[in-house]
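Engineer: What follows is each chain in one-letter form.
2 protein chains.
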Amino acid sequence: MNIDMIRAADARIAVVVRRTPLLNSPFLDEIAGRRVWIKPECLQHTGSFKFRGGYSAVSALDQDTRAPGVIAFSSGNHAQGVALAAKMHGVPAVIVMPSDAPKLKIDNTRALGAEVVTYHRATEDRDKIGAQLAAERGLTLIKPYDEPEVIAGQGTTGLEIAEQAKAHGITQADVIVCCGGGGLTSGIALALEADAPGLRVRPAEPEGFDDVARSLASGQIEHNAHQTGSICDAIVTPQPGDITFPILKRLAGPGFVVSDGEALQAMALAFQRLKLVAEPGGAVALAAALFRKDEIEGDDVIAIISGGNVDAEMFRRALEGI
Amino acid sequence: MNIDMIRAADARIAVVVRRTPLLNSPFLDEIAGRRVWIKPECLQHTGSFKFRGGYSAVSALDQDTRAPGVIAFSSGNHAQGVALAAKMHGVPAVIVMPSDAPKLKIDNTRALGAEVVTYHRATEDRDKIGAQLAAERGLTLIKPYDEPEVIAGQGTTGLEIAEQAKAHGITQADVIVCCGGGGLTSGIALALEADAPGLRVRPAEPEGFDDVARSLASGQIEHNAHQTGSICDAIVTPQPGDITFPILKRLAGPGFVVSDGEALQAMALAFQRLKLVAEPGGAVALAAALFRKDEIEGDDVIAIISGGNVDAEMFRRALEGI
Numbered sequence: 070m071n072i073d074m075i076r077a078a079d080a081r082i083a084v085v086v087r088r089t090p091l092l093n094s095p096f097l098d099e100i101a102g103r104r105v106w107i108k109p110e111c112l113q114h115t116g117s118f119k120f121r122g123g124y125s126a127v128s129a130l131d132q133d134t135r136a137p138g139v140i141a142f143s144s145g146n147h148a149q150g151v152a153l154a155a156k157m158h159g160v161p162a163v164i165v166m167p168s169d170a171p172k173l174k175i176d177n178t179r180a181l182g183a184e185v186v187t188y189h190r191a192t193e194d195r196d197k198i199g200a201q202l203a204a205e206r207g208l209t210l211i212k213p214y215d216e217p218e219v220i221a222g223q224g225t226t227g228l229e230i231a232e233q234a235k236a237h238g239i240t241q242a243d244v245i246v247c248c249g250g251g252g253l254t255s256g257i258a259l260a261l262e263a264d265a266p267g268l269r270v271r272p273a274e275p276e277g278f279d280d281v282a283r284s285l286a287s288g289q290i291e292h293n294a295h296q297t298g299s300i301c302d303a304i305v306t307p308q309p310g311d312i313t314f315p316i317l318k319r320l321a322g323p324g325f326v327v328s329d330g331e332a333l334q335a336m337a338l339a340f341q342r343l344k345l346v347a348e349p350g351g352a353v354a355l356a357a358a359l360f361r362k363d364e365i366e367g368d369d370v371i372a373i374i375s376g377g378n379v380d381a382e383m384f385r386r387a388l389e390g391i
Numbered sequence: 070m071n072i073d074m075i076r077a078a079d080a081r082i083a084v085v086v087r088r089t090p091l092l093n094s095p096f097l098d099e100i101a102g103r104r105v106w107i108k109p110e111c112l113q114h115t116g117s118f119k120f121r122g123g124y125s126a127v128s129a130l131d132q133d134t135r136a137p138g139v140i141a142f143s144s145g146n147h148a149q150g151v152a153l154a155a156k157m158h159g160v161p162a163v164i165v166m167p168s169d170a171p172k173l174k175i176d177n178t179r180a181l182g183a184e185v186v187t188y189h190r191a192t193e194d195r196d197k198i199g200a201q202l203a204a205e206r207g208l209t210l211i212k213p214y215d216e217p218e219v220i221a222g223q224g225t226t227g228l229e230i231a232e233q234a235k236a237h238g239i240t241q242a243d244v245i246v247c248c249g250g251g252g253l254t255s256g257i258a259l260a261l262e263a264d265a266p267g268l269r270v271r272p273a274e275p276e277g278f279d280d281v282a283r284s285l286a287s288g289q290i291e292h293n294a295h296q297t298g299s300i301c302d303a304i305v306t307p308q309p310g311d312i313t314f315p316i317l318k319r320l321a322g323p324g325f326v327v328s329d330g331e332a333l334q335a336m337a338l339a340f341q342r343l344k345l346v347a348e349p350g351g352a353v354a355l356a357a358a359l360f361r362k363d364e365i366e367g368d369d370v371i372a373i374i375s376g377g378n379v380d381a382e383m384f385r386r387a388l389e390g391i
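Residue numbers (this note's numbering), protein chains in the order written: chain A, 70 to 391; chain B, 70 to 391.
Extracted from the complex, chain A is given alone in its bound form (with noise of 0.2 angstroms):
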């Protein structure tokens, strides 16, 4: 894993992933004292930057091995990254979800032309139903974080923020960045520790669910206690990925935790101040740089907005906060 995956990833990717501007508000500014800056990645294609890591992936396989199909676990944004870019290359996709997963998430997946296939989590075993799916078929497994070419695809968000902070004189900055399994985050570490030394790589995750934050500590893989039970469920995993791990132990500084009511509240303002949906997972960085303004140095931040998928319910009960 290294910055030639990305750079190669992004050759493959540039003629269809969106290039998210880079965004700001005198507002913000003003609450995080200092200026904060914002990749709005719930701009890509499906809504987050899943689809980078999954057209990557999917670009990467070479065209016998790809012809079969590609299959995918999640009822997520992963999902949906997945299933665009499988249609893109004209190639079968196979999501494997919990039959309790939301409607709209399945029907959501099924619209962008994969085939789901539920099953039950209590009963049914999901990597033995991927498994036996993935032999019949011939289909290729895309991981969500803890595969070369998925983080390579993540990855060319750093290359975008490199090429966006240099045009805008930002030399020296912390990048927080919304982290689950480390994907997102150790693609970006890679990205800026070659075109933008100055720019360092923190995780922010949700209170309860920091074990990227927990592992950085004390330099070591450290687990969740739990997997459910937090609204910021896009970036909830049981703990970092073996090859995320390593890089982040090697480039990211001190991760962020923040309360789900801190999401939220970075929720209302992204809506207020830059018109924007972010889903909880998605503002934890936006969070962390309004909120946690001691634990950061320097004139400039900037934060990842991940993804947008949210429903209208929970986008409702952030929105009562202003």
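Wrong hints could be hidden among the right ones.
As the list makes no split between identical chains, a pair holds if one copy fits it or if it spans any two.
Stated by the list, open to error - Below, simulated SDA-like cross-link-like pairs (lysine to any residue); rule was C-alpha separation at most 25 angstroms, straight line:
{"id": "1", "residue 1": "212", "residue 2": "79"}
{"id": "2", "residue 1": "235", "residue 2": "102"}
{"id": "3", "residue 1": "235", "residue 2": "84"}
{"id": "4", "residue 1": "156", "residue 2": "368"}
{"id": "5", "residue 1": "235", "residue 2": "79"}
{"id": "6", "residue 1": "172", "residue 2": "263"}
{"id": "7", "residue 1": "197", "residue 2": "95"}
{"id": "8", "residue 1": "172", "residue 2": "385"}
{"id": "9", "residue 1": "172", "residue 2": "100"}
{"id": "10", "residue 1": "156", "residue 2": "93"}
{"id": "11", "residue 1": "174", "residue 2": "337"}
{"id": "12", "residue 1": "156", "residue 2": "102"}
{"id": "13", "residue 1": "172", "residue 2": "96"}
{"id": "14", "residue 1": "235", "residue 2": "87"}
{"id": "15", "residue 1": "156", "residue 2": "100"}
{"id": "16", "residue 1": "212", "residue 2": "237"}
{"id": "17", "residue 1": "212", "residue 2": "191"}
{"id": "18", "residue 1": "156", "residue 2": "98"}
{"id": "19", "residue 1": "318", "residue 2": "159"}
{"id": "20", "residue 1": "156", "residue 2": "236"}
{"id": "21", "residue 1": "172", "residue 2": "391"}
{"id": "22", "residue 1": "174", "residue 2": "103"}
{"id": "23", "residue 1": "172", "residue 2": "93"}
{"id": "24", "residue 1": "174", "residue 2": "99"}
{"id": "25", "residue 1": "172", "residue 2": "363"}
{"id": "26", "residue 1": "174", "residue 2": "93"}
Just so you know, these hints were derived from the structure itself, not from any lab.
Here the structure of chain A is known, so what remains is to put chain B in place on it, guided by the hints.
Structural biologist: Same frame as chain A, now just chain B:
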């Protein structure tokens, strides 16, 4: 008023204006029955396209004229656009607003560095107050739409659309624009005439406030019976402008008229499918693109989301539909 003024404005504002992307969603294409492209000016500085015109007008003043400052009458998007433009030029801005304007709008305009002067709608003459202030302090009035340098600034949106449409291979399409006094619509019309003659501007307005659509139909300036009573307040004006209407008469296709309910539905779809916050008046063009399929021809349609300055209560109302 001509294309050279738009190109000159573009050269002046390029360093500060946000070049907004051209977005799309397969889900919106499905509803519209054709490809729908969205130009999200809600992502512009101050949350609307008005910043383009404000900055263009302030930057066009010679230094001696500019130094004492500028004045504008507006309780909405034009106020914020002019305020930020003046701030960026380091000159004072005085914004004259009715005393019953929403506190948030007054606060936002002040936070952008402007001096807000309020007047009582019932008992005071806005124009007299403005003229007196302008004379006393040597302020230059920046009109919201019937002002060539403002139209030129708004027209830069059209230069971007021409370029972006070309990049997507779109050579024939209607470009639907949320239309109040016609500054944005006529500026885009001139830009497209020069740079993308296969693209045709068409205004979109709220029901009951369709002065431009009726003026285009009759060939002469028609008035609105009322000036309040629409949730699309940002684009309610008494009549098309004296400078804007001749341009629209020459270049625009028939206008669209959408209901408040359709504008709210378009806001909900922008939330769900684009992760964008649109205000009601900023969503009428998207509503027309989605819900007037029989009035549109061709495989592609382009719609501007002109602004996103909506309060949480109205946005929650839009989300009730999904």
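Engineer: Can you list which hints this structure breaks, lowest number first?
Structural biologist: Hints 6, 7, 16, 19 and 25 not satisfied by this model.
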